[in-house]
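Counting from 82, one number per residue, gives the positions in the sequence shown under our numbering.
Worth flagging that the hints you see were computed from the coordinates, not collected in a lab.
Among the hints, a few may not be true.
What the hints assert, rightly or not - When the alpha-carbon atoms are kept at most 30 Å apart in a straight line, the in silico DSS-like pairs for lysine-lysine are as follows:
1. 174 / 260
2. 150 / 260
3. 150 / 174
4. 174 / 189
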Amino acid sequence: MKILNIALTGIALVGLTACSSGNVVSRAMTSPNALLSEGYTLQTPSYNITAVNVTVPPELIATEDNGYKPNADIVWHGDPYGDRRAQVAAIFKDAMRQGVSGIRGQRKVIMSIEVARFHALTPRARYTVGGNHDIHFVIRILDATTGVELEPARMVETDLNALGGVEALAAERQGLTQKVRITAHLAQLIQTEMASARPVPS
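Throw the hints in and build the complete structure from the sequences for me.
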């Protein structure tokens with residue numbers, strides 16, 4: 082699935098489009114065609130998400146490099162200096178909980194998120210040229226009672242237009258920080274993901 086939405090046209094629109102401006106690619110870790118040939122069917126399951134677990138693997142490399150595009154898995158300067166993995170996990174937990182808060186289907190499940198990449202802007206890029214927030218993560222859905230995985234894990238890759246220069250400063254004055262915009266984007270993204278048809282066991 083690939084969703085292309087209208088890019089920002091000005092600061093006045095930032096608040097309205099903060100959660101929808103970006104590209105999203107979602108794909109099962111196993112080929113959908115292979116899954117369908119093995120008896121899976123396209124469905125939109127009815128879930129009641131009772132918990133969200135977020136993992137940021139310790140092998141992901143975080144950096145404090147202030148270059149334009151550091152070579153690392155985690156680039157995050159939107160919180161005070163500290164444990165960047167914990168900060169990224171907190172962003173995901175907040176966003177996922179917001180996004181699934183209205184999902185009240187039949188089967189109780191746990192959503193497991195594994196972060197693979199979280200590339201926001203460094204201060205140097207943010208206050209000059211801008212760019213894109215580049216975020217990758219894996220979604221797994223588990224039965225809340227047994228812990229059995231209910232559908233194939235899928236990788237989601239998304240990018241969000243990242244404001245730069247005077248636009249970034251103007252957005253911050255309105256409270257639209259990197260964290261606010263990324264959280265809103267991820268919250269809407271997970272709503273879309275959970276509402277989409279995908280291969281699940283028959």
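Q: Compare the distance between the alpha carbons of residue 174 and residue 189 with 30 Å, and conclude whether the hinted pair is satisfied.
A: holds (18 Å)
Q | 30 Å Cα cutoff - pair residue 174, residue 260 | A | holds (12 Å)
Q.
residue 150 and residue 260 were given as a pair; does the straight-line alpha-carbon distance stay at or below 30 Å?
A. Since the Cα atoms of residue 150 and residue 260 sit roughly 18 Å apart, the hinted pair holds (cutoff 30 Å).
Q. Hey, residue 150 versus residue 174, does the alpha-carbon distance stay inside 30 Å?
A. Measuring from Cα to Cα gives roughly 25 Å; hence the hint holds.
Checked against the numbered hints given earlier, the structure satisfies every one of them.
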